[in-house]
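Chains A and B supply the protein sequences, listed in that same order.
In terms of my numbering, the first sequence opens at residue 1 and continues consecutively.
In terms of my numbering, the second sequence opens at residue 1 and continues consecutively.
In case anyone wonders, no lab produced these hints; they're calculated from the structure.
For glycine and all other residues, C-beta sits at the position ideal for the given N, C-alpha and C.
Honestly, I wouldn't trust all of these hints.
Here chain A is said to cover these stretches of chain B; the calculated rule only asks that three of the stretch's residues, wherever they fall, bring their Cβ under 8 Å from a Cβ of chain A [unchecked claim]:
#1 16-24
#2 80-87
#3 100-114
#4 117-129
Label pairs and their calculated CB-CB ranges [unchecked claim]:
#5 B:P58 / A:R275: 37 to 45 Å
#6 A:T175 / B:G131: 55 to 63 Å
#7 B:G9 / A:W47: 47 to 55 Å
#8 B:G9 / A:A426: 34 to 42 Å
#9 B:A94 / A:R302: 56 to 64 Å
#10 B:D17 / A:A277: 14 to 22 Å
#11 B:E119 / A:M296: 36 to 44 Å
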Amino acid sequence: MSQGAGLSFEQAPPFSVPLRFLLTAPLFLAAAGGLVAFHPEALASRWTAPALALTHALTLGFLAMVMLGALMQMLPVVAGATLPAPRALAAITHVGLTLGTLALLAGFLFADALAWLAALGLLATALGVFLVASAAALMRAVASDTVRGIRLAWVGLAATAGLGVALAASRAGWTTLPDVAAAIDAHALVGLLGWVLLLVIAVAYQVVPMFQLTPPYPPRLARWLAAVLAAALLLRAGAILLPPGGVALIDGVLAAGVLVFALATLRLQAQRRRRLADVTLDYWRIAMASLVAAVMAWGAARAWPAWAGHDAYPLLLGVLFLGGFAVSVVNGMLYKIVPFLAWFHLQAQLQARAGSIPTMKEMISQRAMRGQFRLHVAACLLLAGALAWPPLAVPGGVAMAASALWLAANLASAVRRFRAFGGRWA
Amino acid sequence: MRTILEYLGTDHRACDDLFASAEEAAGHEDWNRGREMFGKFQAAMARHLAMEEDVLFPAFEERTGMRAGPTQVMRMEHAQMRELIDAMAQAVDAGDAERFLGLSETLNVLMQQHNLKEENMLYPMSDRTLGEERERVLDAMDACQAPGAA
Chain A
1 MSQGAGLSFE QAPPFSVPLR FLLTAPLFLA AAGGLVAFHP EALASRWTAP ALALTHALTL
61 GFLAMVMLGA LMQMLPVVAG ATLPAPRALA AITHVGLTLG TLALLAGFLF ADALAWLAAL
121 GLLATALGVF LVASAAALMR AVASDTVRGI RLAWVGLAAT AGLGVALAAS RAGWTTLPDV
181 AAAIDAHALV GLLGWVLLLV IAVAYQVVPM FQLTPPYPPR LARWLAAVLA AALLLRAGAI
241 LLPPGGVALI DGVLAAGVLV FALATLRLQA QRRRRLADVT LDYWRIAMAS LVAAVMAWGA
301 ARAWPAWAGH DAYPLLLGVL FLGGFAVSVV NGMLYKIVPF LAWFHLQAQL QARAGSIPTM
361 KEMISQRAMR GQFRLHVAAC LLLAGALAWP PLAVPGGVAM AASALWLAAN LASAVRRFRA
421 FGGRWA
Chain B
1 MRTILEYLGT DHRACDDLFA SAEEAAGHED WNRGREMFGK FQAAMARHLA MEEDVLFPAF
61 EERTGMRAGP TQVMRMEHAQ MRELIDAMAQ AVDAGDAERF LGLSETLNVL MQQHNLKEEN
121 MLYPMSDRTL GEERERVLDA MDACQAPGAA
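Just chain B, with the same shape it has in the complex:
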């Protein structure tokens, strides 16, 4: 049986992996690879955040009636992440490794403490409360596309 925790937790690891590859390339000022890996990371993150904001969070809010609670905090942190990712994109375009690495260090800590809250609390809670609706939510997330993707 698939779970939200396993599905989105695995996606966190996949995003982390692309993040590390992009950061490594930027550290070596290898901007060909840097652009490629950062582009993949950016797309993977956009899709991940969309899966949560467009599918999981509304289902969770509907089910629990908690609209101003944990999902609101998660959305705020998503906004902070988008800010940093946009600034990183500019650093990639400018070929500014120092700027990129300052932003990526910040994003890493923000993202990891955020993932911890989701994986320790929000996802297990979603798995418990969604019940038979869970399969439908997982299918809807599967069908999710990154905003802006063709």
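In isolation and in its complexed conformation, chain A is listed as follows:
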């Protein structure tokens, strides 16, 4: 290793690099809520066009949007790995992901060939460019449990994107896949567990202890959990090659891994040194409780085959994992990242005295964040309830859209304050 390897931590990228992603994402979350409100049948079966559009508004438009933007900020900090040409990279990835996701939603909803072509080109470019740039950075990164986890999540994102491109090409009628159902299952499983969950786990190793001053994750758990999950996913994706008992065993390993992560996180948070009310902490706890509930729903499906075959079963897993877990974690993290970056850049740009600029807590009203949190929880409960009693779908979708717009307004208020005190955007 050369002398300076891993020590290239020059100052953070400009405010605009992560912020353009973080401010766009809530609009896709609102669109997802709108889809449910206008197409409540999205919650009747995972195979309807609105359900597929809804899923991708959440996973690409909200989750990937925030995660890619946050990684551009975080990789230099946690791994000493600077991304090449951050401004150009942010511009290409952000525009491609935004327009590509819109085109994909149009492709699902209107089965339009041109929309599929645009979605394929834009998303493949945006994700391809990000994957290449971050691969270069991750290879140079200083190895740690977090970096190893992010590397595995990178593989998950690459596999999900590759399968997605193949599926889109087959849906548009340009190619024929040998086994579409298996490809869809692998795309969903690797996307949710191999990318979203592994990334959250890797990042949790750093942020759970740092925000609340908890003890660190147990070293053996931090060393092995992501690797065990990734290995199980690899075997699971090749499920066709496995005997039936093998699939059940691997699913059990995956479920156990999810449960271990959720319970370990809740236990650490119970031992936190900072005990003041904190909305991000509450978001994390809702997220971990949702993971536990998802594992219980999965366990029930193992015990009762009728439930496993029910239309509501995959949808309940989706509501719990995407809404209850992933959206909650990301929403909670936005309430730390955006106020901190606003404060940090303002201070650095103005060389201001700490007493003369707003603190992190003054960037967004505490009451507004608390209210938005309650609305988000209500939306998740309504959407889960709608699976048993469909009339709840419309109020659930409306609550989700309203909560997303409130999130957008809260984040925008931090940026307004930043600018009002003389902060420069780029």
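Following the hints, put chain B in place on chain A, whose structure we already have.
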């Protein structure tokens, strides 16, 4: 064998602990304890920053020839921390819990992301590059006193 990572990493935890105690007291508006714990935190931080700026960073810069690199970024963040700690001291004097907690939340995130960079990168790098000089650096840090301490 002692390492920089272990020595200063442990000191980070000790500072965190005092920070959490001061913040807890401020949250309960228990200003007797708040003043006591904040005073201890302030002294511990002053000593920690002095150990780095007066002993470790010069040794690192000397050894690697990197003067405008990572240590400069660390010094800038130290200045940001001192600003926040000074403002917190004023909030303690004024008995203003809300102000204190706004500043302490900001300091916590700044301090933790800073510690991450030091513990993941700068300290391991120092341990590798300082070689046999490491013991001398550790002894010099041991002898370090907080600026202003008797």
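Hint check:
Counting residues of the segment 16-24 of chain B whose CB lies closer than 8 Å to any CB of chain A gives 6, which reaches the minimum of 3, so the coverage claim holds. Coverage of the segment 80-87 of chain B by chain A holds in this model, with 5 residues showing a Cβ closer than 8 Å to a Cβ of that chain against a need of three. By the rule of at least three residues with a Cβ nearer than 8 Å to a Cβ of chain A, the coverage given for the segment 100-114 of chain B holds, with 10 such residues. Chain A is given as covering the segment 117-129 of chain B, and this holds because 7 residues of the stretch bring a CB closer than 8 Å to a CB of that chain, at least three being needed.
Checked against the hint of 37 to 45 Å, the pair B:P58 and A:R275 passes, with Cβ atoms roughly 39 Å apart. Checked against the given bound of 55 to 63 Å, the beta carbons of A:T175 and B:G131, roughly 59 Å apart, stay inside it. Distance hint check: the CB atoms of B:G9 and A:W47 are about 52 Å apart, consistent with the given range 47 to 55 Å. B:G9 and A:A426 have their C-beta atoms about 36 Å apart, which keeps the hinted 34 to 42 Å range intact.
The hinted range of 56 to 64 Å is satisfied by B:A94 and A:R302, whose Cβ atoms lie roughly 60 Å apart. B:D17 and A:A277 have their C-beta atoms about 21 Å apart, which keeps the hinted 14 to 22 Å range intact. For the pair B:E119 and A:M296, the beta carbons lie near 37 Å from each other, so the given range of 36 to 44 Å is met.
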